[in-house]
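Novice: Now for the letters of each chain:
2 protein chains.
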Amino acid sequence: MTELQPLLSPRSIAILGASTDFTKVNGRPLKFLLDRGYAGRIFPVNPKYGRIGGLACYPDIASLPEAPDLAIVAVPARAVPDCLRALGGRGAKAAIVFSSGFGETGPAGRALQEEAVAAARRSGLRLCGPNCLGLVNAFEKVMATFGQYAEGATPPGPVAFVTQSGAFGTAIAALARRRGLGLGYFVNTGNEADLDFVEVMRAALADPRITTGAGYLEGLANGGGLMALAGEALRAGKPIVLAKVGRTGAGARAAASHTGALAGADAVFDGVTRGGGIVRARNEEHMLDIVEAFACCRLPEGGGLGIVTQSGGAGVLIADRAEELGLAVPVLAQSTQERLREVIPGFGASTNPVDVTGQFVAEPALLRDAVRVVLDDPRVHLAIVWLQLMDAHVERLLAIFEEVARLVRKPFVVCWVAAPERALEGLRRLGIAVLRGAEPAVDACAALVRFARSRRDYLADEHARAVLAARPGAAPAALPGTAGAMPALAARALLESHGIATAACELAADAEAAVAAAQRLGYPVAVKIESPDIAHKTEAQGVRLGLRDAAGVRAAYAAVIDSARRHDARARIAGVIVQAMARGEVELIVGLKRDPAFGVVVMAGLGGIHAEVHRDAVFRAAPVTPAEAERMLDELRGRALLAGVRGGPPVDRAALAGLISAVSRFGVATGPRLESLDLNPVLAGPDGAVAVDWLMLLS
Amino acid sequence: MTELQPLLSPRSIAILGASTDFTKVNGRPLKFLLDRGYAGRIFPVNPKYGRIGGLACYPDIASLPEAPDLAIVAVPARAVPDCLRALGGRGAKAAIVFSSGFGETGPAGRALQEEAVAAARRSGLRLCGPNCLGLVNAFEKVMATFGQYAEGATPPGPVAFVTQSGAFGTAIAALARRRGLGLGYFVNTGNEADLDFVEVMRAALADPRITTGAGYLEGLANGGGLMALAGEALRAGKPIVLAKVGRTGAGARAAASHTGALAGADAVFDGVTRGGGIVRARNEEHMLDIVEAFACCRLPEGGGLGIVTQSGGAGVLIADRAEELGLAVPVLAQSTQERLREVIPGFGASTNPVDVTGQFVAEPALLRDAVRVVLDDPRVHLAIVWLQLMDAHVERLLAIFEEVARLVRKPFVVCWVAAPERALEGLRRLGIAVLRGAEPAVDACAALVRFARSRRDYLADEHARAVLAARPGAAPAALPGTAGAMPALAARALLESHGIATAACELAADAEAAVAAAQRLGYPVAVKIESPDIAHKTEAQGVRLGLRDAAGVRAAYAAVIDSARRHDARARIAGVIVQAMARGEVELIVGLKRDPAFGVVVMAGLGGIHAEVHRDAVFRAAPVTPAEAERMLDELRGRALLAGVRGGPPVDRAALAGLISAVSRFGVATGPRLESLDLNPVLAGPDGAVAVDWLMLLS
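Going down the list, the protein sequences come from chains E and S.
Residues in the first sequence are numbered consecutively from 187, following our numbering.
Residues in the second sequence are numbered consecutively from 187, following our numbering.
Any given hint could be a false lead.
Which copy? The list can't say, so a pair holds if one copy fits it or any two copies do.
[Said to hold, decoys possible] Below, in silico cross-link-like pairs of lysine to any residue (SDA-like), each with a Cα-Cα straight-line distance of 25 Å or less: (1) 327 - 732; (2) 424 - 326; (3) 210 - 578; (4) 424 - 705; (5) 234 - 423; (6) 234 - 864; (7) 210 - 552; (8) 327 - 782; (9) 210 - 606; (10) 210 - 550; (11) 327 - 519; (12) 210 - 676; (13) 234 - 657; (14) 234 - 584; (15) 210 - 861; (16) 217 - 579; (17) 596 - 830; (18) 217 - 531; (19) 210 - 547; (20) 210 - 520; (21) 234 - 588; (22) 234 - 617; (23) 217 - 673; (24) 234 - 207; (25) 217 - 760.
These are calculated hints, taken from the structure and not from any lab test.
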């Protein structure tokens, strides 16, 4: 965090345009700093005043007694570049620009923003904003903000929260405060003209007092930076939980009109970040539920969920949600069940979920023992304890939980519906996560399980990843100089040389050559038009499948050439590709595309109807190891197909994963001239996976 | 509500086993009744006391001065039947049995429960429970409960809440209270030995002070009753919102171990209730969000959502969720945009979502005018207004919302994140629904839209439904006397006579007869084994498709007979069915099954991979009108297939819906001997829909 220390933990702060009116944007930070007891030096700057709030006020930047670490800039937009130049000249290290009227307003504002950035960069001054609320470092009482969040208490804690949105971020921070969730850092990055979300989050996570990162994103330019940070966070065991808006078409349109920055298709963001172990939250409450669990719980060593309730129905609700999220609700071991029967009165169920019934009110030890016994089960890795109301028994229950927390090693969360306020406060004081409903509790547990698994996978993959990084594959020597679709045979040679299996085929310039090729390849064959001007052969009616003899091939040749001419009279036609019909149990699509935020991303999806109707595809940043490629397959909604349909044999997952990994390495090796690659379909069966058609576009 | 008035609104209440210890189960109801000022007569019954709580106490039932409307029974389980007999003899009308130790404990308890019901029924005494917390009628202060909910305030309101679970129901009621959501009725039905969820809900909804029903279900026996009630509720415009646990396999297993009652497969419950206009909630908070919106809002006249926020990001989040739930976020009319530009400062976006920015704090009229203008747009039918924090401006904002509520006719909800407590209270006092987050707000709006649409559909369908009810179709004259799979040709004749299109076919007893049949039907044909002992022909390898000539038919005949013998040496073989190969764009499955809760249900789903991998099927209670059948198609996740794949033509939806409706009528007409019917596949294309294979099982 050294480089951003002047921003996040400054030893001195200058406030440009400081005001004696503490209700104003340029008056509030000084009031907050004084009220909370910031220990560093504060330099108000304003020619109108001699002193503000008991401090000496300086007429201008030049007259400051020393170079401030940080300057708060709350002056009109047009004055900002000059301010930054002066600050740089005076030796300031960082500035937070509250002022709006920059990139968010249009071309003139964008130009002004660029001028401001250029002014700052000349002296190495780092910039937060403009158009931002600033930041709070709750440890050192750095209240460099005018936002509403600072009006209330800002207790320090293990969570760093970085938000691109000021208004929404403030609301989230206020919700965190209501839960007693301490935000060590609250930073609003605003327009991110210089410092962006990733750099700020990295610096905050580097603070050893921070265990969990939380972020609110509206757009992302630096996807590669985010993924590098995600890797560091996995290694450090510090989860990053992100809420990003723009999940759907409607949302993305709204986001585009709002921020002008868009992380490409949301499915790419979703898959790539999941691959990096980032936990994505649906909304603000979901994010805080997960963050609370991370802030309080050890990481579980597996995905088996134990459930202890005082209501059978709540147990069912929890089991429902667990199944939806892929968490196991294991049947308890025989020995566990026997121990539970000793603990729980006869009429409670002693399978999982475990219903202790209302009886525990009379016998508090019952709840304590049930939780302990369930967490002792070897198949259980974490637990949810469900309670409701219990106004009259809060102190007794707190004592039980204190004991449980001391006695167990595995993580658990409490779900206490309609909990009395002092129950929530008490549990949080004990460092126990407490959620407001069954589903939020399961959602939080699922996030714990997922991050823990991502971390194990990441560490297990370390060697394979290092190998990939060291030898991403030789860059292809012979990319043609021309842009557009690469000829099928040349593309095939390239793919094969990178270890990507493709179906055998030949180019035939006339009908008799096609027949001869079919003879060599073996019937049945397919015939496909080959033209640099026809990328989508099926749409041009340029494909004939399942041809069984020479007559069929001749007829198909004539037909596809004819169709191609009709489709585009000026298309250059090289002939037809003759290809042996491949067989496979399952059709997939594997491909590469260039994402504006993340660079080369690899995609694996189910083909045919699945692609069209269900858009069942998973993305990752390239390259991926074969193990990661297998995990991509596990995320397909239609993954059951890969295990065999209607009693058929399972497909060769290793071969399929190998192909996906090879494609991803090819994408990285080929470099920026590769626009996209589509292997569609890839046919996967029990004996391997092979690409049957491919389209490679160069720029 | 006349029949259950003695239960829900008794003029007098006897408390059997009344205790002077007001902390006990048999002491608490009396305390609650006295404290809240129940105006009816109260008769404690206990030979140990002369007076309790200032009231005369009676030694036994016989000595009561009059027949009580309602008796609260809090005596040991084994004494309950005698109590009920005595109450019946004394002329009591209803009893609430708190006692546990009945059906929930095992065979002996079940026998005791049956004895209790028999005792009650002899005199027409209606029974709530046993094993229940009782009920609260908040209007008349009927505190016939010992539950925790009654410990706090129980303000009356337009919501009737009926719960099968005591513990979870209490938690939900407490959460409702915290939101200021008045529960006119709170009823826990417990074991439902006599009165069930449906009867109680019907009686509560009949109260004109109740506008909204809310229910928590763990199992349901009386599905037909629920659907009849749903129809009444649609006509009355009173929504029923249900949370039912047991959505997944894991949840259903947990529910089975808990309650022993299961509403059949959850997908059936989901589809059938949706078809009845019941709004299903995922969990307790989701239910209360929706109930709050119903309690406060008029029903919208369409599904166009207007969004007014002070944060662009929140607008995106709302638009995301709206798209996920199928709500339109319409582009605003040009005239609306022009009006908005007059209202909103230049830098706010004036499309939908509308961002009024923080500026409205300085100019409150801005928010008011923005909401009015957006709701004025003809494409907007309801709106969400998003705010955050604003501690310093609560009073001003409340004044704005009071004005808005007075000025607009279309419904709107407020989403106020991290709202100050007095803001929530103030809005609720104004009768405005206020949700805690963007997603809950959209979820609530989606429920408003869905119920309003269900109601319109229901009323529009009234005539068609009446026709169906009057003429469900002639019962088939000729059901064979034997159980099991009906012969294919006989089944076909039956289906065709009920207007269900099937592919032409013939039965052939030997190979040459098969060839002759194929000639008549026209090649290509399919050959399928026909045996009363082989229901699943494909699994028995008893099907050959796409046969193009006589040789193929002969070979297929031999092959399927051979396979059938291998599959089951003792199978009686009638020969083979020869069938013309039908063509269709999309494969579907249409069927009937007998559900333990709902009776005959009709299913429509996508076939092949969709059925196996995605379980993409929708259920309804039979019969359905063609319009309702079309709505079933609209609920398929893969519905896009019906609109045409890869540029293909759309299927004939009217024909398909007609077939589904005909199947549903057939199911009702055929009566209880029909176990199930599977039309798999039904091939649908631009020219119609035809069943290609069918399996009809009789009992």
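Novice: Now look at each hint and say whether the structure bears it out.
Specialist: Here is what the structure says about each hint:
1. For the identical chains of this complex, residue 327 and residue 732 are neighbours neither inside a copy (74 Å) nor across copies (79 Å), given an alpha-carbon limit of 25 Å.
2. When the C-alpha separation of residue 424 and residue 326 is checked against a cutoff of 25 Å, the pair qualifies only within one copy, where the shortest distance is 21 Å, while the shortest distance between copies is 56 Å.
3. For a Cα distance limit of 25 Å, the shortest separation of residue 210 from residue 578 across copies, 14 Å, qualifies, whereas the shortest one inside one copy, 46 Å, does not.
4. Taking identical chains as interchangeable, the C-alpha atoms of residue 424 and residue 705 are never at most 25 Å apart, the minima being 60 Å within one chain and 73 Å between chains.
5. In this assembly of identical chains, residue 234 and residue 423 lie within 25 Å of each other by CA distance neither inside one copy nor across copies; the values are 50 Å within and 66 Å between.
6. For the homomeric pair residue 234 and residue 864, neither the shortest alpha-carbon distance inside one copy (66 Å) nor that between copies (86 Å) is at most 25 Å.
7. Taking the shortest alpha-carbon separations for residue 210 and residue 552, only the inter-copy value of 21 Å comes in at or below 25 Å, while the best intra-copy value is 57 Å.
8. In this assembly of identical chains, residue 327 and residue 782 lie within 25 Å of each other by CA distance neither inside one copy nor across copies; the values are 38 Å within and 64 Å between.
9. Taking the closest pair of Cα atoms, residue 210 and residue 606 come within 25 Å of each other only across two copies (22 Å); inside a single copy the shortest separation is 38 Å, beyond that limit.
10. In the homo-oligomer, the alpha carbons of residue 210 and residue 550 lie at most 25 Å apart only across protomers (19 Å), although the nearest pairing inside one protomer, at 54 Å, exceeds that limit.
11. Within a single copy, residue 327 and residue 519 get their C-alpha atoms no closer than 51 Å, and across copies no closer than 49 Å, so neither meets the 25 Å cut-off.
12. For a Cα distance limit of 25 Å, the shortest separation of residue 210 from residue 676 qualifies neither inside one copy, at 67 Å, nor across copies, at 86 Å.
13. In this assembly of identical chains, the alpha carbons of residue 234 and residue 657 never lie at most 25 Å apart, being 63 Å within a copy and 90 Å across copies at closest.
14. Taking CA atoms no more than 25 Å apart as the test, residue 234 paired with residue 584 passes in neither setting, with 56 Å inside one copy and 39 Å between copies.
15. When the C-alpha separation of residue 210 and residue 861 is checked against a cutoff of 25 Å, the pair qualifies neither within a copy, at 51 Å, nor between copies, at 75 Å.
16. Only between protomers do residue 217 and residue 579 lie at most 25 Å apart by alpha-carbon distance; the minimum there is 20 Å, versus 43 Å within a single protomer.
17. Neither within a single protomer nor between protomers do residue 596 and residue 830 lie at most 25 Å apart by alpha-carbon distance, with minima of 37 Å and 52 Å respectively.
18. With identical chains, the CA atoms of residue 217 and residue 531 are never at most 25 Å apart, being 59 Å at best within one copy and 29 Å at best between copies.
19. Taking the closest pair of Cα atoms, residue 210 and residue 547 come within 25 Å of each other only across two copies (14 Å); inside a single copy the shortest separation is 53 Å, beyond that limit.
20. For the identical chains of this complex, residue 210 and residue 520 are neighbours neither inside a copy (67 Å) nor across copies (37 Å), given an alpha-carbon limit of 25 Å.
21. In this assembly of identical chains, the alpha carbons of residue 234 and residue 588 never lie at most 25 Å apart, being 57 Å within a copy and 43 Å across copies at closest.
22. Taking the closest pair of Cα atoms, residue 234 and residue 617 never come within 25 Å of each other, the shortest separation being 49 Å inside a single copy and 50 Å across copies.
23. For the identical chains of this complex, residue 217 and residue 673 are neighbours neither inside a copy (68 Å) nor across copies (88 Å), given an alpha-carbon limit of 25 Å.
24. Proximity of residue 234 to residue 207 under the C-alpha cut-off of 25 Å is restricted to the intra-copy arrangement: shortest distance 13 Å within a copy versus 74 Å between copies.
25. For the identical chains of this complex, residue 217 and residue 760 are neighbours neither inside a copy (76 Å) nor across copies (94 Å), given an alpha-carbon limit of 25 Å.
In this structure, the hints that do not hold are numbers 1, 4, 5, 6, 8, 11, 12, 13, 14, 15, 17, 18, 20, 21, 22, 23, 25, in rising order.
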